[in-house]
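Novice: Okay, here's what each chain looks like letter by letter:
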Amino acid sequence: MTEKDLPALSIADLQSLLRRREVSAREVIDALRERIQAVDVEIGAYLSLDIDAAIKEAEEANIDLPLGGVPLAIKDIINVMGQPCTCASKILRGYRAPYNATVVQRLRAAGAIPFGKTNLDEFAMGSSTENSALKLTRNPWDLSRVPGGSSGGSAAAVAADAAFGALGSDTGGSIRQPAALSGVVGFKPTYGRVSRFGLVAFASSLDQIGPLTKTVRDSALIMNAIAGHDPQDSTSLNEPVPDYVAKLGNDLRGVRLGVPKEYMIEGIDPQVKAAIDAAVKQMNSLGAEIVDVSLPHTDYAVAVYYILATAEASANLARFDGVRYGYRAENPEDMLDLYGRTREQGFGPEVKRRIILGTYVLSSGYYDAYYLRAQKVRELIRQDFAEAFEKVDALISPTSPVPAFKLGERTGDPLQMYLADIFTIAANLAGICGISVPCGFAEVDGRRLPIGLQLLGKPLDEARILQVAHAYEQSTDWHKARPSIASPK
Amino acid sequence: MAGAADLDVAYVARLARINLSEEEANAFQKQLGDVLNYVEKLRQADVSRVEAAAHALPIFNVFREDAARDWFTAEQALGNAPRKANGLFIVPKVVE
Numbered sequence: 023m024t025e026k027d028l029p030a031l032s033i034a035d036l037q038s039l040l041r042r043r044e045v046s047a048r049e050v051i052d053a054l055r056e057r058i059q060a061v062d063v064e065i066g067a068y069l070s071l072d073i074d075a076a077i078k079e080a081e082e083a084n085i086d087l088p089l090g091g092v093p094l095a096i097k098d099i100i101n102v103m104g105q106p107c108t109c110a111s112k113i114l115r116g117y118r119a120p121y122n123a124t125v126v127q128r129l130r131a132a133g134a135i136p137f138g139k140t141n142l143d144e145f146a147m148g149s150s151t152e153n154s155a156l157k158l159t160r161n162p163w164d165l166s167r168v169p170g171g172s173s174g175g176s177a178a179a180v181a182a183d184a185a186f187g188a189l190g191s192d193t194g195g196s197i198r199q200p201a202a203l204s205g206v207v208g209f210k211p212t213y214g215r216v217s218r219f220g221l222v223a224f225a226s227s228l229d230q231i232g233p234l235t236k237t238v239r240d241s242a243l244i245m246n247a248i249a250g251h252d253p254q255d256s257t258s259l260n261e262p263v264p265d266y267v268a269k270l271g272n273d274l275r276g277v278r279l280g281v282p283k284e285y286m287i288e289g290i291d292p293q294v295k296a297a298i299d300a301a302v303k304q305m306n307s308l309g310a311e312i313v314d315v316s317l318p319h320t321d322y323a324v325a326v327y328y329i330l331a332t333a334e335a336s337a338n339l340a341r342f343d344g345v346r347y348g349y350r351a352e353n354p355e356d357m358l359d360l361y362g363r364t365r366e367q368g369f370g371p372e373v374k375r376r377i378i379l380g381t382y383v384l385s386s387g388y389y390d391a392y393y394l395r396a397q398k399v400r401e402l403i404r405q406d407f408a409e410a411f412e413k414v415d416a417l418i419s420p421t422s423p424v425p426a427f428k429l430g431e432r433t434g435d436p437l438q439m440y441l442a443d444i445f446t447i448a449a450n451l452a453g454i455c456g457i458s459v460p461c462g463f464a465e466v467d468g469r470r471l472p473i474g475l476q477l478l479g480k481p482l483d484e485a486r487i488l489q490v491a492h493a494y495e496q497s498t499d500w501h502k503a504r505p506s507i508a509s510p511k
Numbered sequence: 010m011a012g013a014a015d016l017d018v019a020y021v022a023r024l025a026r027i028n029l030s031e032e033e034a035n036a037f038q039k040q041l042g043d044v045l046n047y048v049e050k051l052r053q054a055d056v057s058r059v060e061a062a063a064h065a066l067p068i069f070n071v072f073r074e075d076a077a078r079d080w081f082t083a084e085q086a087l088g089n090a091p092r093k094a095n096g097l098f099i100v101p102k103v104v105e
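Line by line, the protein sequences give chains A and B.
Going left to right, the first sequence walks through residues 23 to 511 as my numbering numbers them.
Going left to right, the second sequence walks through residues 10 to 105 as my numbering numbers them.
No lab work stands behind these hints, which were simulated from the structure alone.
Mixed in with the good hints there might be a few duds.
[As the list claims (entries may be wrong)] Within a straight-line C-alpha distance of at most 25 Å, the following computed SDA-like cross-link-like pairs (lysine to any residue) qualify:
| id | chain 1 | residue 1 | chain 2 | residue 2 |
| --- | --- | --- | --- | --- |
| 1 | A | LYS303 | A | ALA464 |
| 2 | A | LYS413 | B | PRO67 |
| 3 | B | LYS50 | A | GLU284 |
This one's a predicted model, so the numbers in the text were calculated from it and none came from an experiment.
Just chain B, same shape as in the assembly (with noise of 0.2 Å):
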């Protein structure tokens, strides 16, 4: 398993598309740090005998029919956006 000196939380939060402030970065490195030394345990357990669980409870495939329904409008759909315009959503520009 890889160790906590492989976390480079300044790179992550990029991934994760968040800003961080130097002061926050520094703190959340110590304390993620901490957690990833922790979960070092698991190391020691012998998972050679069982497949991964995704799900507690086995259920598969579960379909419902393909059929329209009532749903949100447009409007309603767009009812918490902070910026829109003619039934848009608006964000900066995207493509040049």
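For reference, chain A alone in the conformation it holds in the complex (with noise of 0.2 Å):
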């Protein structure tokens, strides 16, 4: 094993040859910063990196904490002290976070470096991270494709072994799509399993952080060290952890699957539908007992989803006004003048359609029609997974109805954007959790694109959805797969 070749590990082999002090993790930065060097120009997967604390860090590091000398990246929506949290928008420029996320700050307890911020969809709104207002990213399976989104920057880094695992946030498939659409593993709790203290909000009652990783296994390791009650964020769950770790393994006997049917639409690519059946029959030969299941509310997901975000969006977007911090239109002439130009100048197109929408079903005289009929027909869509949950252990679906799309094909229709996130979108609704592990490729014009396999679990129900995940990564050899950009030149 050459210097060179250190990005391509997986957290857990890293570890090992930190542990076995075959590499110390100075050494480990040094060949991520030349890796991200050689690779990033193309991919453009990072908005800000701090490589001088980070090798400060790893000279300090203890390696045999849990993640002693592991750098992460970190998703630019989740405040690292001291360094930039634009969420990828203007409005934030020059903004320096004067306070560490729960999750960071739990990171560095457990070892871990977080050397850099990862681009995205400004404030995680999108599904392709075109949406941001600061960098293109790319696929780094296809240059000319997205890398899904909102987490593109995470997902685009870890894929092409420019970071060995990284933080995201999922409000309606942010971290799971961007996974999927870039051949890795992104596993979004339980809402209320992972503080969201320090994650700039989007939708409160639906973001949740989670791990972007290589394996099931570094995913399990990321949650070990995030998951758990924090007093500074309310609707955090006062709930035990287990160790996840532990309870990986690779044997599928006495677990039930659902195959929900309203899932299996028309518009799903055939060669996605090829995969997930394939990985089904595979779990199936693993022990898992195949049930068909009915959640009968999933159309209504997506509308209710556009319903309740953007009017949680409206009411925490209220708050990037230009006098607190943050960027502020020049001469203004009264506060209104202040707010309105700040905001037109500061915001882009995405963000005020979604504030425009939120305020309109929040608005009197629209609050029952839109806002009220969203919240219960959310109740109906909790209840369609409480009752598949009696029946299942675990819910299977295609994370994506599609591979990684052009650039620039959805941006002119946001309506076919939000579609994109159409299986992913009900488990947020629900506050389930859920995991997108790679399970195959599609062939478009001569590439091979990554498809995702999507698990949803029970709430708190983490530990068997990675059980499940991870038996049947190991059975299979997806992850092992890199894009032709990730192979150490």
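Two chains, two frames, a set of hints: combine them into the complex.
Specialist: See below:
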């Protein structure tokens, strides 16, 4: 193993080398820096790097901690003290985080080194990372295609071996969908399992932080560090956290997996469908029982989401007003002029669209028709899952109906972009946990594009979902495939 | 449910404190009209037997101890301010 090969390692394999003292944390940072310099000009995954601080942390790293000496990338919507936190928006240009998010504090306590911030759709609003006001991120498997979004920078960095692992946030699929499109593992915990303190809020009742990694085991390692109650987040659940790594196994005997019939819709790419069918067979051969289930209110999920998420966003983003931090329009005449022009110049089009839609659905005369009704349908969707989970331990579906689409293909039609999240959104509405794992490739225009399999689990049943995903992953070679840009040159 | 026809983007943008160019307002009017037409499907759902869910998992009355703790100094809190003076955020005059 030469230093050049280090960035291709999983976190677990990197740790073995570190603990055997075959490499130092300093050498790991150096190798990662070289790798980022070599590939990120083309990929565009990172918005900022703090390598000098990382080197200092690496030199003092305690390798024996659970994530000792492991550098991790952080989606640039999570506060890391002293580093920028742009949310990929012009309105936060120049902002430096004056505190650490709870997840960052916990990663540091576990020995990890948060060294860089990754690109995203502005304020996590999007499914392709094309809504970033600061940078274009490309899919490492095909540079003419999107990496997915909104955690597209985190997914692309991991896929291109430019990060050992990363944190993302998932409001309607923003961890799972980019993981699927970029060919990595993406895990969304149960709502409340991981503290949101220090995550810039988009839709507070839906947002959840989670890992993007090369393997399921690596996601379990990160979950061990970040999960658990936090008094600084009033929605954080005060429940014991199991050892997710210890519960990983290769056997699926006794596990009941449900295939929701409503998810096998028209419009699924035939190669995606074939890959999911093959994965279901594979899990069956590992001992899992496959059961047909129904989630009757599935067709309402996207509509419910775009009412509730925009409503919450319109309130959350009111804080960006040019007064306390970030961008301020020049020479304001009065307060209204300051607010109006700061927000006009600071926000990109998708953020404006969503704030306006959210303001509308909450406005006098429309609240009952839109917001209240959507909350009730949300409850129906939650009940669908509760009933399905009486029969099965987990649900299987595609993560995305299609593989990575072309840059620019969907930007002109917001509604089409919203429908990219059709399989992921319901999990956020119901507050349950879910994961995307690589399950094959589609051949498109002579290119191999990754396909993701989604597993959804009961609230707080993360250990089971990780175990099932791990057993499946270990029985395949999909997670070992790397894009050509990722192989050492 | 109110239809897409009721949406006046220019008016709602003023409520949201976002200035919009006429071009942007026209584009949003069309795009958000499409979204509102799409969400019309929620009318078909039978919601007569459910309560509205504000959160997926029910947790109530979450309090933490009302105790002093280390937090930002005034200087740190003002560290990102676009304009500040004398430990205060500076904004245009609000009251005559």
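Novice: Take the hints in turn and mark each one as holding or not.
Specialist: The hints, checked one at a time:
Straight-line distance between C-alpha atoms of A/LYS303 and A/ALA464 comes to about 18 Å, which keeps the hinted pair within the 25 Å bound. With a C-alpha separation of about 22 Å, the suggested pair A/LYS413 and B/PRO67 falls inside the 25 Å cut-off, and the hint holds. About 16 Å separates the Cα atoms of B/LYS50 and A/GLU284, which keeps this hinted pair within 25 Å; it holds.
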